[in-house]
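Engineer: Residues in the sequence shown are numbered consecutively from 268, following this note's numbering.
The hints are simulated quantities; they were obtained by calculation from the structure and are not laboratory data. Here the structure is a predicted model, which is why all the values come from computation and not from measurement. Don't take each hint at face value.
[As the list claims (entries may be wrong)] Each computed DMTMM-like pair below joins lysine to aspartate or glutamate, with the alpha-carbon atoms no more than 20 Å apart:
1. Lys316 x Asp356
2. Lys387 x Glu349
3. Lys316 x Glu529
4. Lys316 x Asp342
5. Lys316 x Glu544
6. Lys316 x Asp426
7. Lys383 x Asp331
8. Lys316 x Asp271
9. Lys383 x Glu333
10. Lys269 x Asp419
11. Lys387 x Asp411
12. Lys269 x Asp355
13. Lys387 x Asp355
14. Lys387 x Asp356
15. Lys383 x Asp426
16. Lys316 x Glu531
17. Lys269 x Glu349
18. Lys383 x Asp411
19. Lys269 x Asp397
20. Lys316 x Glu349
21. Lys269 x Asp426
22. Lys383 x Asp397
23. Lys387 x Glu456
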Amino acid sequence: MKADILCIGAVLWDIIGRSNSHMERGSDVPGHIVRIPGGVALNIAMAAKAYGMTPALLSVVGRDAEGDELIAACDRLGLVTETVYRSDDLRTDVYMAVEGGNGLIAAIADAHSLEKAGDKILAPLAEMPDWSGPIALDGNLTLDLLSQIAADTAFASADLRIAPASPGKAERLIPFLTHPSATLYVNLEEAGLILHAAQPDAASAANALRSRGLHRAVVTDGPRAAACAHPGGVVTCAPRQVMVTRVTGAGDTFMAAHIAAEVEGADPDTALTRASEAAATYVSGDTY
268 MKADILCIGA VLWDIIGRSN SHMERGSDVP GHIVRIPGGV ALNIAMAAKA YGMTPALLSV
328 VGRDAEGDEL IAACDRLGLV TETVYRSDDL RTDVYMAVEG GNGLIAAIAD AHSLEKAGDK
388 ILAPLAEMPD WSGPIALDGN LTLDLLSQIA ADTAFASADL RIAPASPGKA ERLIPFLTHP
448 SATLYVNLEE AGLILHAAQP DAASAANALR SRGLHRAVVT DGPRAAACAH PGGVVTCAPR
508 QVMVTRVTGA GDTFMAAHIA AEVEGADPDT ALTRASEAAA TYVSGDTY
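Construct all of the structure, not just a fragment, from the sequences and the given hints.
Structural biologist: So this is what it looks like as structure tokens:
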């Protein structure tokens, strides 16, 4: 199976607790708890597959029972898993989140195996010297590895698409501000952290990132207008207003839809509109 997009980063199990109740610190409410395949790179891959692409995963998964289950699940989804590094001494990573009717309450990402594996996950790239498709990176990689990729001449002309994974990891993406062909996908808070200054809206944030040297910036702002600042200017799109029933993975779905639209030849305005619609559909989906 030949891939047309590489997804590099977290491939793990998501444990998500969801409730329709408004929650605060200390809340104890009824809801549903599920375990599903997740991680930023895997979320992007699953969404890209749904949009007709064939993603290959570059990550680490342990040779434990959880890892065997996860690889089997990815295989059933039609993802390329031969590129995943299977470790004998690192366990399969896991992410845990609690979501209420008022959004994400708290989350913990245990991606220590991904961090410890380091550049071993990039080994399959040596067999792809002529790769010209998009490469989706996520900020769960260490700052050292992200900096290495940003400075590597092998990636100088690559179509890099980067997501921070969470606000707490947003500053790891600063090395890509001067990369000649990188696109950052961030929300308004993450943009402010990278810029070290709060931004009033997505368009302002996207333009500010471009002024720092970034090739292209795509900034979302929840139910408010998203923006894409590119060498030809800036476009914005107000997302469809929906009832939010889930949030984990929404940004990854947005990013995958945007990439898929552009691979199909969509212009900046159309690609942003499709991505915004995909995210709206995702967050309004049925809860588990």
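Engineer: When the structure is checked against the list of hints, which entries are broken? Sort them ascending.
Structural biologist: 1, 10, 12, 15, 22, 23
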